[in-house]
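Colleague: These are the residues of each chain, in order.
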Amino acid sequence: MKRPSWRIPIFSRKAPLSPLPPGASPGTLTAPADASPPRITVLAYDAEQMVEEELDDPAAISDYLESWPVSWINIDGLGDTTVVEQVGSVFGIHPLALEDVLNIRHRPKIEEYDEHIFVVTRMAGFDDQFEPEQVSLFLSSNYVLTFQERQGDCLEPVRNRLRTKKGKIRQRGPDYLAYAVLDAVVDGYFPVLEQMSERLEELEDEILRNPKTETVARIQGARHEMLTLRRSVAPQREIFNSMVRDGHDVIGEEVGVYLRDTQDHVIRIVEIAESYREVASGLMDLYMSSVSNRMNDIMKVLTIMATMFIPLTFVAGIYGMNFDPDVSPFNMPELRWFWGYPFALGLMVVMTVGLLVYFRRKGWIGS
Amino acid sequence: MKRPSWRIPIFSRKAPLSPLPPGASPGTLTAPADASPPRITVLAYDAEQMVEEELDDPAAISDYLESWPVSWINIDGLGDTTVVEQVGSVFGIHPLALEDVLNIRHRPKIEEYDEHIFVVTRMAGFDDQFEPEQVSLFLSSNYVLTFQERQGDCLEPVRNRLRTKKGKIRQRGPDYLAYAVLDAVVDGYFPVLEQMSERLEELEDEILRNPKTETVARIQGARHEMLTLRRSVAPQREIFNSMVRDGHDVIGEEVGVYLRDTQDHVIRIVEIAESYREVASGLMDLYMSSVSNRMNDIMKVLTIMATMFIPLTFVAGIYGMNFDPDVSPFNMPELRWFWGYPFALGLMVVMTVGLLVYFRRKGWIGS
Amino acid sequence: MKRPSWRIPIFSRKAPLSPLPPGASPGTLTAPADASPPRITVLAYDAEQMVEEELDDPAAISDYLESWPVSWINIDGLGDTTVVEQVGSVFGIHPLALEDVLNIRHRPKIEEYDEHIFVVTRMAGFDDQFEPEQVSLFLSSNYVLTFQERQGDCLEPVRNRLRTKKGKIRQRGPDYLAYAVLDAVVDGYFPVLEQMSERLEELEDEILRNPKTETVARIQGARHEMLTLRRSVAPQREIFNSMVRDGHDVIGEEVGVYLRDTQDHVIRIVEIAESYREVASGLMDLYMSSVSNRMNDIMKVLTIMATMFIPLTFVAGIYGMNFDPDVSPFNMPELRWFWGYPFALGLMVVMTVGLLVYFRRKGWIGS
Amino acid sequence: MKRPSWRIPIFSRKAPLSPLPPGASPGTLTAPADASPPRITVLAYDAEQMVEEELDDPAAISDYLESWPVSWINIDGLGDTTVVEQVGSVFGIHPLALEDVLNIRHRPKIEEYDEHIFVVTRMAGFDDQFEPEQVSLFLSSNYVLTFQERQGDCLEPVRNRLRTKKGKIRQRGPDYLAYAVLDAVVDGYFPVLEQMSERLEELEDEILRNPKTETVARIQGARHEMLTLRRSVAPQREIFNSMVRDGHDVIGEEVGVYLRDTQDHVIRIVEIAESYREVASGLMDLYMSSVSNRMNDIMKVLTIMATMFIPLTFVAGIYGMNFDPDVSPFNMPELRWFWGYPFALGLMVVMTVGLLVYFRRKGWIGS
Amino acid sequence: MKRPSWRIPIFSRKAPLSPLPPGASPGTLTAPADASPPRITVLAYDAEQMVEEELDDPAAISDYLESWPVSWINIDGLGDTTVVEQVGSVFGIHPLALEDVLNIRHRPKIEEYDEHIFVVTRMAGFDDQFEPEQVSLFLSSNYVLTFQERQGDCLEPVRNRLRTKKGKIRQRGPDYLAYAVLDAVVDGYFPVLEQMSERLEELEDEILRNPKTETVARIQGARHEMLTLRRSVAPQREIFNSMVRDGHDVIGEEVGVYLRDTQDHVIRIVEIAESYREVASGLMDLYMSSVSNRMNDIMKVLTIMATMFIPLTFVAGIYGMNFDPDVSPFNMPELRWFWGYPFALGLMVVMTVGLLVYFRRKGWIGS
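Top line first, the protein sequences correspond to chains A, B, C, D and E. All residue numbers for the first sequence refer to our numbering, where the first residue is 1 and numbers rise by one. All residue numbers for the second sequence refer to our numbering, where the first residue is 1 and numbers rise by one. All residue numbers for the third sequence refer to our numbering, where the first residue is 1 and numbers rise by one. All residue numbers for the fourth sequence refer to our numbering, where the first residue is 1 and numbers rise by one. All residue numbers for the fifth sequence refer to our numbering, where the first residue is 1 and numbers rise by one.
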């Protein structure tokens, strides 16, 4: 049975925190749990032409690399270590980098190897809960190689721009393609933030209408999610920083201005996430206040009722005493007064009116 | 129906968080939602003369640029991307910069291009709620170009100084004009802070007089607003920093001392905003204390009333028992005492006085 | 009517947040609201002789500058912009610096001009509430010029040291005099901190004896004051830093060791202020605990009284029922028992004792 | 008797905070309390062969150092200072380093000596509570020397890789061995974090089902443990930093990429620990809310019961009064009405229904 | 009367915050309040011999300085400014340094003078409350001069090492002696931390057994003390930093490794103090939870009692009504039923059992 989304996000659910047992040999490849089998697609193009194909055999990739100026090889699904290893050997990838590709909880980072730049980043996913998906990207002078955890991504618009020759993307090299991919990954966080803001609004409504313990857990969940999102995005800033500043061979100068633009987006996303976290913290205060106001309401009703009737009941109790009026003129002569009962009722009415006035002055009952 | 201003500020209300869908081609221009149509005004001058005109056709701008040493072109309203694009081509603006102009949620920043400096800043607006308006400014050796989201701004005093030759502004170049604009933008935050301080005072009154859940939401709103204001202002510091320090060609040295002065104002605004946020946090504590004191008051009334009457009612209950005095001298002989009823009433008075003394010692009832 | 000092400190009370309306020409001089008229005093000296005079005409200052190696010109009161402007022209002060002198909410700072060093600092004042007073100081090779908001300051001991030739102050130049002034300003914070510590002690007493909502406002006020004090002092550290390190022409090397000593004091004041703020935050917790303990006390009394008498009243109610003992031997035969009434009273005593034992075990009533 | 694990972790339990009394001569060796006697094992190998032996006499170590290219000497147990001193003299270890080896509460650090690099690190242990174990490692050009507090460690997989020639470990020098050991130590934190996440989940269940004061102590314990864990791991980052960057003689360049990989793991562990601490803080809020909701529930039941029955009892009290209907037609004529009793009961039913409707509107009783 | 130790630590109690009134001449010497008269002891030695004497006349010190390679002059008590001045003139101490010696609230710092290094540090004292004592140390090439506030210190073990020739201390110069003194000062904080941990444990017990408002004040006190301790220790780190790194003439290189070792201790003490502060903050949460659980307990008892007896009392009230059964068959016929009274009692038992079952389901009464 699925755990409700507002419960503590347990990191170890989807995959163990570390892919390898402590002390294992570095570079050992283990597929993540529940990973789907890899699907390899190639998208090779120059300014004039483009092919788009799905491959069964990783070895076939080399042909594209040789014949086209820019090839984008995308692997969806990390379920088969053999295929990943074959791809790794086609592109000459370091075993530790391959291990990072399969370790789907890696922190976004950039590393430079002789042949290519290796970028690990996280794509936003939101299905009831924020679920980032790791994207590993290798950029060289004639290819972009991307690994994704599962099928379905936010890169379709980039593919469409390639297919339709829209924008400058077909005239540019793999560095611009890598920018387009990373930019799409970053911008994919905006819709998640929009959904998040709706959720916060719903939470606020819930607090004001009907606060319950579950609500607190949901607020905590939202705060935690913002933290996770921030941790997914913030390190990407350094990726762009390094790409712009460190002058990698495979990144042309004219791509720098675009990377800086994406970096601005990263900063904005981090700021919005921070801001939403503040809002969520504020909701906690709102909740506490809402709950204690409800308590006050309850207590007020009890106090008004009890305070009104307790003296009345006392008066009734007085005249329910059995002192014998026969033995003494002082023993409850009221019982035999002509206006005795009306007098008692009148006394009660006076007391009630007095208390009502008092409560109204206190502001406990409506004006 | 308008959402009450103290509810969570939902960022996505006025405009989406990002102007473009993820994966869109960079430099695509989209007008913000609800944007008004652009109105172009030119204000060209030298120390002696000045013209001020409204233009229909962006192409006409070039004439002013050629004939006057300093031209200030201002565009109010971003609702027509064609006009913005035409203006962009007149001044040779990079597509990404134009995208930033239209992305009205951009973080304040400064960027240097070959021809001009590009500054994005945020002007304070306060209409029940703090609503910043984005101002984009391009500064070159012979013009200042500004884009604003909508008509109405805090720059009228600058225009008046130009019109009346007041101060040194007419003798100086576009760098001084840009300073005057940015300075007016920064100083425009002071009135907002004054309004804010009044609002905080009102909130404090409300807390002490009549705290309710809504009040908490309002306090949260005020805190959030201070955070937003701080985020609008703080990055402007780096803009002035960069203008003073980086030695841009188009900024003369003698303007530096003025820019430093404005930077001082930015720092003060940030400090005041921080300080107001502290005050707002303190109001939360005040609220919690006010609410729990009210609860204490309610409980005190209940306790005093209940504690006073419960023993009295008990005594009345005792003498309301029906034990038959006839069958035994021990069965409620008080009922037939001559002073039975006065004795019972006296007992009650003694108990009441005792409890009143006790409550007074506890400090629960006024001295 | 004066606002009670524990209410929110509204910055805009004494003076507007900014002296000039947004967009005003820089260097425009406006006297602060309620400023007293200026009083000019000169104190000129060498190792042998000293004159001390009050001037009516700013122009007369020049004579002293020419005839004495060290002149200290002090202006109390900023209420007349003409006088301030005249003084400014005697000393050749930049218009923006003069604007800062009149903007009595300026952040402490140091600025170097060609002729002199310009220091803005804040003097501690404490009259029921911490009220800093701005001191502007100009230091050149033969004079020290100080502006103060109002008469009365903590510099009298410095004047006395000059008058009595005490210490080395008469043998030294204006740099040592400036040090002496700034040192006196810094050390003036210590008595304020002492008063503050007394106030915190009083607050603690109030919390333990008689906590009320007002107390919370006072705690907030104290915290806020510590923050304000910290913000007045902390930036002074950089002033001394700059004076020691930046090698200004007008500051001799041998004054450096004294300035470092004052810097130590600044650090200590900031630390104590921080520490007091911590104490004030702790008082908030103490308050909350004190209030909730009072609530517990109230509830305990209510619970004990109600729990004791409710069963007793029930027993009395039982024997107040009117079942007819005549129709059945089961109908309340107790009413006709010989020991019926004593039995009922005994039952009540047993119940009372049982509950007392229970409450004592719970620790609700004293051992 | 063992202290329950959720109580405050008292540092001084296992060992005093400092091994030496204040003022003792530096380099004095004292065995930790309860330390087990040392057990020396040697594991010497080249690419072809390997020996693994347990030694009784520290002097015998020298033989291995001379005959094998790589020797790993491991000492489990610090209970005998003589043995530690002998080992120290075999390897020429500085007395202060030996003191650090025996001071089992040392902060992770790296120090360079002429002959070897000295690393102090902490191995994760988790037995109901997080209990780190200090590992001291000396790395030279032909040996790795490790000291551990007690037997049993997470290094068995490393030994197995050596035994089975798995991976590159047998072809490499002692620097790679040291990396393998430190990597195993770091990765040993992941299982602890997994256990921790389970514990947090259990705590959450407990809070929602049955919150008690003990739960708070357990939450505190979890937060504290995360802090301790973070402090054990975070300084290790600098160890790897220094090993990669400072170019120690005994560390080959090709090991750098592996060390960087381990450094990534350290960063991730610190992030997860931080994140768990956040979760634990959130649990505190959940707890407070859960407790106050329970209180609300209790109050609601009391209020509903009291408010329902108090008016009813009052009505019953009215008709229990003893006014004499004989003396006046106004004296409780209801008592003799034909429908008197049904009328009274009907009145009570009407009141009850009215209150039930009121409570339902308030949402206090289920729809 | 002594103020209880858990009240706010008022800094100004023992001594004013600043030794001098604002504006006083720098270098003015004032003895701290309640200071004891100075006692001068000399301990002079070389590797072979040692003398230890108490001096009456500061002038006699010079003899030792001339005849012995290392002299340690220690002054306990700062009550006589004349003696301090005489000592100052023997060693050529700067007036500001002497002022710092007498200002017993000085922040730990190091300053280099031509002749000697001047170190101000704080020795841990713990007598019910943490009370640091200022130690001022002057280190030159042939002497160590220390000033302490009062007699009794943690340096006796160092003296004993000198007396017994234990360790290397007698072979080394004054730099090693200074290290030994400073190391003993630092290590003197460990016992204080142990006592602190015991106090925290006691506080925890008190919270769980019997939380009262005083407890909160004690927790605050503990937190504050940890802060004070941290502030006493943390700046000492920079002292050792400077001694190691800045290459002072009077400190030999071989002492560096020892100083680094002490620096490690400083870091650990700061970490432990931080960690204890966290624990103290956690105790606050524990307290709040303990108090609100107690409140819940009280409310539960009240609710159970009230809810149980209110309906019963109502039933008794019903049958206490005086409707006349003679006038109508509908008027309380139960009163004349044969089983009327048993029926009423039975009804009450049924209601009681029903409520008990309800409470048990709610978990309010033990299973």
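Hint data in this document are derived by calculation from the structure and do not stem from the laboratory. Misleading hints may appear alongside valid ones.
[Stated by the list, open to error] With a Cα cut of at most 30 Å, we get these calculated DSSO-like pairs of lysine-lysine:
#	chain 1	residue 1	chain 2	residue 2
1	C	362	D	300
2	A	300	B	168
3	B	362	E	300
4	D	300	E	300
5	B	109	A	109
6	C	300	B	168
7	A	212	D	300
8	D	362	A	362
9	E	109	D	109
10	A	212	D	212
11	E	212	C	212
12	E	362	C	168
13	E	168	E	109
14	B	109	A	212
15	B	362	E	212
16	B	300	A	362
17	A	362	C	300
18	A	109	D	212
19	D	362	E	362
20	E	109	B	300
21	B	300	E	212
22	C	362	D	212
23	D	168	A	109
[As the list claims (entries may be wrong)] Have a look at the derived ranges for each label pair, beta carbon to beta carbon:
#	chain 1	residue 1	chain 2	residue 2	range
24	E	274	B	36	33 to 41 Å
25	E	274	D	202	23 to 31 Å
26	A	356	C	205	21 to 29 Å
Don't be surprised by glycine CBs; every beta carbon is placed ideally from N, CA and C.
Colleague: Against this structure, judge whether each hint is valid.
Modeller: Against the structure, the hints come out as follows:
The straight-line distance between the Cα atoms of residue 362 of chain C and residue 300 of chain D is roughly 24 Å, inside the 30 Å bound, and the hint therefore holds. For the given pair, residue 300 of chain A sits about 68 Å from residue 168 of chain B by alpha-carbon distance, which is inconsistent with the 30 Å threshold. Restraint check for residue 362 of chain B and residue 300 of chain E: the C-alpha separation of about 24 Å stays at or below 30 Å, so the hint holds. This hinted pair checks out: residue 300 of chain D and residue 300 of chain E have alpha carbons roughly 11 Å apart, not beyond 30 Å.
Distance hint between residue 109 of chain B and residue 109 of chain A is fulfilled; the C-alpha atoms sit about 26 Å from each other, no more than 30 Å. Taking the CA atoms of residue 300 of chain C and residue 168 of chain B, the gap is near 76 Å; set against the 30 Å cutoff, the hint is violated. Restraint check for residue 212 of chain A and residue 300 of chain D: satisfied, since their Cα atoms lie roughly 14 Å apart, inside the 30 Å limit. Among the hinted pairs, residue 362 of chain D with residue 362 of chain A is consistent with the structure: their alpha-carbon atoms are about 21 Å apart, no more than 30 Å.
Restraint check for residue 109 of chain E and residue 109 of chain D: satisfied, since their Cα atoms lie roughly 26 Å apart, inside the 30 Å limit. Of the supplied pair hints, the one linking residue 212 of chain A and residue 212 of chain D holds, its CA atoms being roughly 18 Å apart against a limit of 30 Å. Distance restraint check for residue 212 of chain E and residue 212 of chain C: the Cα-Cα separation of roughly 18 Å lies within the 30 Å cut-off, and the hinted pair is therefore satisfied. Of the supplied pair hints, the one linking residue 362 of chain E and residue 168 of chain C is violated, its CA atoms being roughly 82 Å apart against a limit of 30 Å.
Annotation: proposed proximity of residue 168 of chain E to residue 109 of chain E holds, straight-line Cα distance about 27 Å (limit 30 Å). Taking the CA atoms of residue 109 of chain B and residue 212 of chain A, the gap is about 44 Å. The hint is violated against a cut of 30 Å. A hinted pair counts as satisfied when its Cα atoms are at most 30 Å apart, and residue 362 of chain B with residue 212 of chain E qualifies at roughly 17 Å. For the hint pairing residue 300 of chain B with residue 362 of chain A, the CA-to-CA distance comes to about 13 Å; that is within 30 Å, so the pair holds.
With a CA separation close to 24 Å, the supplied pair residue 362 of chain A and residue 300 of chain C stays within the 30 Å bound. The suggested pairing of residue 109 of chain A with residue 212 of chain D is violated, with an alpha-carbon distance near 44 Å, which exceeds 30 Å. Of the supplied pair hints, the one linking residue 362 of chain D and residue 362 of chain E holds, its CA atoms being roughly 21 Å apart against a limit of 30 Å. Distance hint between residue 109 of chain E and residue 300 of chain B is unfulfilled; the C-alpha atoms sit about 56 Å from each other, more than 30 Å.
About 20 Å separates the Cα atoms of residue 300 of chain B and residue 212 of chain E, which keeps this hinted pair within 30 Å; it holds. For the suggested pair residue 362 of chain C and residue 212 of chain D, the alpha carbons sit about 17 Å apart, so the restraint of at most 30 Å is met. Only pairs whose Cα atoms come within 30 Å are accepted, and residue 168 of chain D paired with residue 109 of chain A is accepted, the gap being roughly 26 Å. Remark: the range hint 33 to 41 Å for residue 274 of chain E to residue 36 of chain B is contradicted by a beta-carbon distance near 56 Å.
Taken as a hint, the range 23 to 31 Å holds for the pair residue 274 of chain E and residue 202 of chain D, whose Cβ atoms sit roughly 28 Å apart. Separated by about 39 Å at the C-beta atoms, residue 356 of chain A and residue 205 of chain C break the suggested range of 21 to 29 Å.
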